[in-house]
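S.K.: If you want the building blocks of each chain, they are given just below.
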Amino acid sequence: MLSLTGAAKTFGPVVALADGTVEIRAGEIHALVGENGAGKSTLVKILAGLYHPDSGDFRLSGEPVHFRSVAESKAAGISVIYQEPTLFPDLTVAENIFIGRQPKGRSRLISRPEMRRQATELFERLGVPIDPSRVAEGLSIADQQIIEIAKAISLDAKVLVMDEPTAALSGVEVDRLFAVARALRDKGTGILFISHRFDEVFDLCDRITVMRDGRYIATHLTAEVTVEKIVREMVGRDIGTLFPKAEAEISHTVLEVDGLSRSGVFRDISFEVRAGEIVALAGLVGAGRTEVARAVFGIDPYDSGQIRVEGKPLKARNPQAAIAAGLGFVPEDRRKQGLVMNLSVARNVTLTLRNKFVTAGLINGGKERAAAKEWSKRLQVKAGSQEHAVSTLSGGNQQKVVLAKWLATDPKLLIIDEPTRGIDVGTKSEVHRLISDLAGRGIAILMISSELPEVLGMADRVLVMREGRITAQLDRADADPESVMHAATSPTGVTE
Amino acid sequence: MSSTVKHEEKPTTAGRTGGGSGGFGSLLRLRELPVLIALALLVLITFLNNPLFLSPQGIKDLLLNATIIVILAAGQTLLIITRNIDLSVGSMLGLVAFGTGSIFAAMPDLPILAVLLLGMAFGAVLGMVNGFLVTVAKVPALVITLGTLYVFRGFNNAWAGGKQYFAGDRPEAFGALSVDTVLGFPIITLLAIAVVAAVAVYMAGTRPGRDLYAIGSDPEAAKVLGIKVSKRVFLAFLANGALAGLAGVLYASRFNSVGATTGTGMELDVVAAAVVGGVAIFGGSGTVAGAALGALLLTTITSSLTALRVDKFWQQAIVGILILTAIVIDRLASLRTARKLRMSEARNV
Chain A
1 MLSLTGAAKT FGPVVALADG TVEIRAGEIH ALVGENGAGK STLVKILAGL
51 YHPDSGDFRL SGEPVHFRSV AESKAAGISV IYQEPTLFPD LTVAENIFIG
101 RQPKGRSRLI SRPEMRRQAT ELFERLGVPI DPSRVAEGLS IADQQIIEIA
151 KAISLDAKVL VMDEPTAALS GVEVDRLFAV ARALRDKGTG ILFISHRFDE
201 VFDLCDRITV MRDGRYIATH LTAEVTVEKI VREMVGRDIG TLFPKAEAEI
251 SHTVLEVDGL SRSGVFRDIS FEVRAGEIVA LAGLVGAGRT EVARAVFGID
301 PYDSGQIRVE GKPLKARNPQ AAIAAGLGFV PEDRRKQGLV MNLSVARNVT
351 LTLRNKFVTA GLINGGKERA AAKEWSKRLQ VKAGSQEHAV STLSGGNQQK
401 VVLAKWLATD PKLLIIDEPT RGIDVGTKSE VHRLISDLAG RGIAILMISS
451 ELPEVLGMAD RVLVMREGRI TAQLDRADAD PESVMHAATS PTGVTE
Chain B
1 MSSTVKHEEK PTTAGRTGGG SGGFGSLLRL RELPVLIALA LLVLITFLNN
51 PLFLSPQGIK DLLLNATIIV ILAAGQTLLI ITRNIDLSVG SMLGLVAFGT
101 GSIFAAMPDL PILAVLLLGM AFGAVLGMVN GFLVTVAKVP ALVITLGTLY
151 VFRGFNNAWA GGKQYFAGDR PEAFGALSVD TVLGFPIITL LAIAVVAAVA
201 VYMAGTRPGR DLYAIGSDPE AAKVLGIKVS KRVFLAFLAN GALAGLAGVL
251 YASRFNSVGA TTGTGMELDV VAAAVVGGVA IFGGSGTVAG AALGALLLTT
301 ITSSLTALRV DKFWQQAIVG ILILTAIVID RLASLRTARK LRMSEARNV
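Here the protein sequences come in this chain order: A and B.
Per our numbering, residue 1 is the first one in the first sequence, and the count goes up by one each step.
Per our numbering, residue 1 is the first one in the second sequence, and the count goes up by one each step.
Bound-form chain A, shown alone (with noise of 0.2 Å):
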């Protein structure tokens, strides 16, 4: 009913989709798999219309077809959710399902009774108790998927698109949001779902096809394949040599979490990171990870465990004792959390350790200026001069920024959060040798990354996380694309 073939998009030097292939049957719900940034999310809003492809065809029914708005592609019959839907906070539960097209009664104004009654209509038929008349602010994940699902099914949608619908929900929500797909299915309509559960997958599509780095490697009959069959596809590509990490010389522990809780968040989370040792956490986006590094650096809070450096109890909820405790962290996101945009590159390095250079009371410029200056060559930063701001630097010259910052406070141990996200593929090689010179020079490094080349190839360690748990650790040796994702995707097999 829908087909994709050959789609590509490129976002300047950035090759976002360089094949993006998929059909979708009328009655079939069809699953599109791949990494983190295989190229899905492109063509989800190629099929939205969000997106206009650069290249490729696209065809509904046979017919080619080039939607220039969101608004085409919903009048051709697609409909998408998105893994966090986009409702109107301050409209009723009915408008949001009825924006644009509300039902109008005899004075040719809209009328609410009769657009409530269609949307209770829905929800019958959906089975489920949603009240059409309140706003939908407040409402759960799972009860805003379903609306937009009243909304596809009165839009008389051929094809739903639901980008990872599951992600956000307990395992309730999920039956009934599948029982929901499947009565669709019955009824003639075409599913995409997206979902780096393989368990869900296989419990619930008829296809599945594969991606990898903006590909399509290929469809198979669910029924027809296995997990391991799939991994492989969604990974097998040459690591090589391309992060190598340099010898050194791994000595005393420095970090010990130890049984570290959260409610809802994760659980149990035990590890160590020792001197001169880069200890990856690898795992799908959502698994907690990013979760465990604010809490461990103190930002959020944690309802049980332990945090140990060099031996001594670090404080909980305290960013300042762990900065004093030798511990620093770059957050994945440079922008808002690493770096003060308008301030000059040198006082963006100095930011951590302003009290080093205070005399009389006031920041002395001069000895700030020089550190900063000391540290940037360090790194290599190519900016212009010290004093320009940092927003205006590439991102990979930011990352070294942000990098330098906690280099001057002389760390132990260095957090850092997806350190190559939006970084161009010739600064990332820079970035990665930077981080590993800063092991060998003893420093402790808890890296979190989801992309799997850079986790083989820089950790000593893998940890895997999935769904607030370390479901595996495995060593340099043991750690390849197969078995980090299956720790990251799979719950068979894993230590529950």
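No lab work stands behind these hints: they were computed from the structure.
The C-beta atom is built at its ideal place from N, Cα and C for all residues, glycine as well.
One thing to keep in mind: the hints can contain errors.
Unchecked claim - Lysine-lysine pairs mimicking DSS-like chemistry, simulated, CA-CA at most 25 Å apart:
| hint | chain 1 | residue 1 | chain 2 | residue 2 |
| --- | --- | --- | --- | --- |
| 1 | B | Lys228 | A | Lys104 |
| 2 | A | Lys412 | A | Lys312 |
| 3 | B | Lys223 | A | Lys104 |
| 4 | A | Lys104 | B | Lys231 |
| 5 | A | Lys158 | B | Lys223 |
To be verified - Some, not all, of what chain A presents toward chain B, calculated at C-beta under 7 Å:
| hint | residue |
| --- | --- |
| 6 | His66 |
| 7 | Val70 |
| 8 | Ala71 |
| 9 | Glu84 |
| 10 | Pro89 |
| 11 | Ile99 |
| 12 | Gln102 |
| 13 | Leu109 |
| 14 | Ile110 |
| 15 | Phe123 |
| 16 | Thr222 |
Please build the complex by placing chain B on the supplied structure of chain A, with the hints as guidance.
M.R.: Quick look at chain B alone, frame taken from chain A:
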């Protein structure tokens, strides 16, 4: 008409309680209610102290005082609902009011209707300038209209200089618009009520009108849904300008003199009226009826404080307290309903 709107509006504005709750709950749900109660109390207290306050002339004065602000507040509501704002309304009103004076000075025989339409067209053009800058240059409306506030005022200064037009320069029939009454309502007040009713029907009962709420509720989601955000916002600015133009013409009818400073500072009264009337400053909820009530309350407060012989300085402070109270009530109501929603959801699981 406006009563239908109010009731129909319940679910979207403060109908956050979801399930049916008792009398108190449904009262609180009506976001305009506190304003109505405050207005009634205010009028009652003042009346008890000074019975002249509700004489036919007293009522007429109250309505006349509110008329201009009500029209401006109706236009402003269109914008605030979409998470925009227009701070240049006072300057637009001033330009159009002075323009009205100039037109009558040049062509005393021009039909009043033509002048009304000309004034609205002039205002619409000024509104389009704002709308264009906001939607094309993508600069926040707060900044753009703060700029045009001064630009429009500058034009007014340059055009008017020290010149003023007085009521005597205008046809008698034009001035009569704010003197003659129908069923006790001055004619310009009836015009304002018609404006509020029309805007209310548009916002509650038409698809483009509902789009405005969607845009203010979540602009990104609106875009994803294929709502023409820029077009709607632009048209809202245009409509707001036209209404400011209408208010400008009526201002020239109501007040004796128009000149370079006419309408200065009015934008704050207008925004205050909308906020007091329950229009959420971050968009997405509120009604034009509420904004009109807010305007009536604010102007009535000034009159009744004068009638009660309260010091002028305290009058402003009291208006300020009223605005803060409106915001606190709104915040409390939404916190309360959020808590309630959590509880009802917990039961479902």
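S.K.: So, for every hint listed, does it hold in this structure?
M.R.: Hint check results:
A C-alpha spacing of about 20 Å is found between B:Lys228 and A:Lys104, which places the hinted pair at or below 25 Å, so the restraint holds. Annotation: proposed proximity of A:Lys412 to A:Lys312 holds, straight-line Cα distance about 13 Å (limit 25 Å). Simply put, B:Lys223 and A:Lys104 have alpha-carbon atoms about 23 Å apart, close enough for the 25 Å limit, and the pair holds. For a cut-off of 25 Å, the pair hint linking A:Lys104 to B:Lys231 stands: about 23 Å separates their Cα positions.
Proximity of A:Lys158 to B:Lys223 is assessed by CA-CA distance (about 22 Å); at most 25 Å being required, the pair is judged to hold. Residue-level restraint check for A:His66 is violated (minimum Cβ-Cβ distance to chain B is 16 Å; threshold 7 Å). Below 7 Å, beta-carbon pairs count as interface contacts, and A:Val70 has one with chain B at about 4 Å; its hint therefore holds. Below 7 Å, beta-carbon pairs count as interface contacts, and A:Ala71 has one with chain B at about 3 Å; its hint therefore holds.
Taking 7 Å as the C-beta contact cut-off toward chain B, the hint placing A:Glu84 at the interface is violated, the least distance being around 10 Å. About 6 Å separates the beta-carbon of A:Pro89 from the nearest beta-carbon of chain B, less than 7 Å, and the hint is met. Annotation: A:Ile99 was flagged as interfacial toward chain B, and the flag holds, the nearest CB pair being 5 Å apart, inside 7 Å. For A:Gln102, the shortest C-beta to C-beta distance to chain B is roughly 6 Å, which falls under 7 Å, so the interface hint holds.
Nearest Cβ of chain B to the Cβ of A:Leu109: about 3 Å, under the 7 Å cut. The hint holds. The restraint placing A:Ile110 at the interface with chain B holds, with a minimum CB-CB distance near 5 Å, inside the 7 Å limit. Because the beta carbon of A:Phe123 sits about 14 Å from the nearest beta carbon in chain B, more than 7 Å, this interface hint is broken. Taking 7 Å as the C-beta contact cut-off toward chain B, the hint placing A:Thr222 at the interface is violated, the least distance being around 31 Å.
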